[in-house]
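Colleague: In case you want the letters, here they are:
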Amino acid sequence: MIFLFQLVVVLVAISIVIVTLGSRSTHSGRAWKKIALVLLAVGMVAGVLFPELTNTFAKIFGVGRGADLLLYATSIAFIGYVLNGYLRQQDQRDTLFRLARKIAILEANDRYNVKK
Amino acid sequence: MTKSVNDEVAIIIPVYNEASVIRHVLENVQKRFKYIICIDDGSRDDSVGEIIKTKAMLVQHPINMGQGAALQTGIEFARQLPVKFFVTFDADGQHRLEDAMAMLTELKTDKFDIILGSRFLGSSIGMKKNKERILKLAIGFSNLTSGVKLTDTHNGLRAFNRNVAETMQITMPDMAHASEILEIIASQKYRYKEIPVTIEYTDYSKAKGQSLINAVNIGFDMLLRKVSK
Chain A
1 MIFLFQLVVV LVAISIVIVT LGSRSTHSGR AWKKIALVLL AVGMVAGVLF
51 PELTNTFAKI FGVGRGADLL LYATSIAFIG YVLNGYLRQQ DQRDTLFRLA
101 RKIAILEAND RYNVKK
Chain B
1 MTKSVNDEVA IIIPVYNEAS VIRHVLENVQ KRFKYIICID DGSRDDSVGE
51 IIKTKAMLVQ HPINMGQGAA LQTGIEFARQ LPVKFFVTFD ADGQHRLEDA
101 MAMLTELKTD KFDIILGSRF LGSSIGMKKN KERILKLAIG FSNLTSGVKL
151 TDTHNGLRAF NRNVAETMQI TMPDMAHASE ILEIIASQKY RYKEIPVTIE
201 YTDYSKAKGQ SLINAVNIGF DMLLRKVSK
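Each protein sequence line maps, in turn, to chains A and B.
For the first sequence, counting from 1, position 84 maps to 84 in our numbering; every step adds exactly one.
For the second sequence, counting from 1, position 139 maps to 139 in our numbering; every step adds exactly one.
Isolated chain A (complex conformation) (with noise of 0.2 Å):
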């Protein structure tokens, strides 16, 4: 029974990441993460505030201690962070490389009085 419930964490922890790159340009990606970064926060808090209130919780998925579980939520956190700011730098990447071969274009066209 306990290893059923870590196996549904993994696998919902492999499809969170893999929902927050497949929809991060939707808005409903977006607000998903907010909501994601709000739950974060309010576990943060209760596992502060009521410490026995994650141990039970983490009884229930079957991984040890309350810490444990907020480690391992802030790990799949800390990976969603990772990708998407790597997929965003990209993102920004390209939109200079399209402004850059813009320029070098028409640089050219001009040099060698190229007409569309």
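Any given hint might turn out to be false.
As the list claims (entries may be wrong) - Pair ranges (Cβ atoms, derived):
{"hint": "1", "chain 1": "A", "residue 1": "Gly64", "chain 2": "B", "residue 2": "Lys226", "range": "45 to 55 Å"}
{"hint": "2", "chain 1": "A", "residue 1": "Leu11", "chain 2": "B", "residue 2": "Arg79", "range": "39 to 49 Å"}
{"hint": "3", "chain 1": "A", "residue 1": "Ser75", "chain 2": "B", "residue 2": "Phe220", "range": "35 to 45 Å"}
{"hint": "4", "chain 1": "A", "residue 1": "Gln6", "chain 2": "B", "residue 2": "Asp110", "range": "50 to 60 Å"}
{"hint": "5", "chain 1": "B", "residue 1": "Arg133", "chain 2": "A", "residue 2": "Ile14", "range": "28 to 38 Å"}
{"hint": "6", "chain 1": "A", "residue 1": "Ile79", "chain 2": "B", "residue 2": "Lys136", "range": "57 to 67 Å"}
{"hint": "7", "chain 1": "B", "residue 1": "Asn130", "chain 2": "A", "residue 2": "Val114", "range": "38 to 48 Å"}
{"hint": "8", "chain 1": "A", "residue 1": "Asn84", "chain 2": "B", "residue 2": "Val216", "range": "18 to 28 Å"}
{"hint": "9", "chain 1": "A", "residue 1": "Ser75", "chain 2": "B", "residue 2": "Lys55", "range": "34 to 44 Å"}
{"hint": "10", "chain 1": "A", "residue 1": "Gln89", "chain 2": "B", "residue 2": "Asn130", "range": "31 to 41 Å"}
{"hint": "11", "chain 1": "A", "residue 1": "Val38", "chain 2": "B", "residue 2": "Ala186", "range": "38 to 48 Å"}
As the list claims (entries may be wrong) - Taking lysine-lysine and the DSS-like style, the derived pairs with C-alpha atoms no more than 27 Å apart in a straight line are:
{"hint": "12", "chain 1": "B", "residue 1": "Lys53", "chain 2": "A", "residue 2": "Lys115"}
{"hint": "13", "chain 1": "B", "residue 1": "Lys31", "chain 2": "A", "residue 2": "Lys115"}
{"hint": "14", "chain 1": "B", "residue 1": "Lys53", "chain 2": "A", "residue 2": "Lys102"}
{"hint": "15", "chain 1": "A", "residue 1": "Lys115", "chain 2": "B", "residue 2": "Lys226"}
{"hint": "16", "chain 1": "A", "residue 1": "Lys102", "chain 2": "B", "residue 2": "Lys84"}
{"hint": "17", "chain 1": "A", "residue 1": "Lys115", "chain 2": "B", "residue 2": "Lys34"}
{"hint": "18", "chain 1": "A", "residue 1": "Lys34", "chain 2": "B", "residue 2": "Lys226"}
{"hint": "19", "chain 1": "B", "residue 1": "Lys55", "chain 2": "A", "residue 2": "Lys102"}
{"hint": "20", "chain 1": "B", "residue 1": "Lys34", "chain 2": "A", "residue 2": "Lys33"}
Rather than coming from a laboratory, the hints here were simulated on the basis of the structure.
Where a beta carbon is used, it is the ideal one built from N, C-alpha and C, also for glycine.
Dock chain B against chain A, hints included.
Modeller: Frame of chain A, contents of chain B only:
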């Protein structure tokens, strides 16, 4: 094939720090082809000075963007020229003009949209064993993921028609563009063919070759692109 200068083909050559060899390569190419487009990718040496001494047209990136980005720039510039066919060619002199000519002959039959060079169907002069092993690995990976089955997936010598040039949109700026082009071939359903080509690995081209660890970057970027949009 006549020896006259061919004016229905654009030769696209990305250039990055190739000052010592580029002029020699271009002088050879311009004997056969009228339209040669050199994309200087922000070279820090005198590549630009060497290019303007030849008949090649120069398109200059204001910043260094990578070989894939340079190819895309070259294709977009060449689209505006009155040419029917397009050839991508390496600046370091490792490709042979005869192979490019053979590719164009295949293209002119109108049975294919894009012709790719394969050094494993042909021959490689002076390739290191280690490089061959890594390339074989990359080919296996690419055949699994791109949907196009080839014997050589990272060959810079390609020839294609206007339809391909008008629709090709390379977004991977670095070496990953080679895999991306294959994905584009699969998704656009271009009719493709591989023909044997000879690559001459000189000490110069070996020194400029890819570091093997870079394969990790390429694999990671390609996989990440598949799951994200």
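Colleague: Using the C-beta atoms of Arg133 of chain B and Ile14 of chain A, is the stated range 28 to 38 Å upheld?
Modeller: Once the Cβ atoms are compared, 32 Å apart, the range 28 to 38 Å for Ile14 of chain A and Arg133 of chain B holds.
Colleague: Between Lys115 of chain A and Lys34 of chain B, is the straight-line Cα distance small enough, at 27 Å or below?
Modeller: 18 Å, holds
Colleague: Holds or violated: the 50 to 60 Å window for the beta-carbon distance between Gln6 of chain A and Asp110 of chain B?
Modeller: Holds - the Cβ-Cβ distance for Gln6 of chain A and Asp110 of chain B, about 59 Å, lies within 50 to 60 Å.
Colleague: At the C-beta level, are Asn130 of chain B and Val114 of chain A separated by a distance inside 38 to 48 Å?
Modeller: Distance hint for Asn130 of chain B, Val114 of chain A holds at roughly 44 Å.
Colleague: Between Ser75 of chain A and Lys55 of chain B, is the Cβ distance one that fits in 34 to 44 Å?
Modeller: This hint is violated: roughly 59 Å between Cβ atoms.
Colleague: Lys34 of chain B and Lys33 of chain A were given as a pair; does the straight-line alpha-carbon distance stay at or below 27 Å?
Modeller: 54 Å, violated
Colleague: Are the Cα atoms of Lys53 of chain B and Lys102 of chain A separated by 27 Å or less?
Modeller: 24 Å, holds
Colleague: Lys102 of chain A and Lys84 of chain B: Cα distance at most 27 Å?
Modeller: 23 Å, holds
Colleague: With 57 to 67 Å as the target window, see if Ile79 of chain A and Lys136 of chain B comply at their CB atoms.
Modeller: 32 Å, violated
Colleague: Assess, step by step, whether the Cα of Lys55 of chain B is no farther than 27 Å from the Cα of Lys102 of chain A, and give holds or violated.
Modeller: 23 Å, holds
Colleague: Straight-line Cα separation of Lys53 of chain B and Lys115 of chain A no greater than 27 Å?
Modeller: 24 Å, holds
Colleague: For a C-alpha distance cap of 27 Å, please report whether Lys115 of chain A and Lys226 of chain B respect it.
Modeller: 37 Å, violated
Violated hints, listed in ascending order, are 1, 3, 6, 9, 15 and 20; each of the other numbered hints is respected by the structure.
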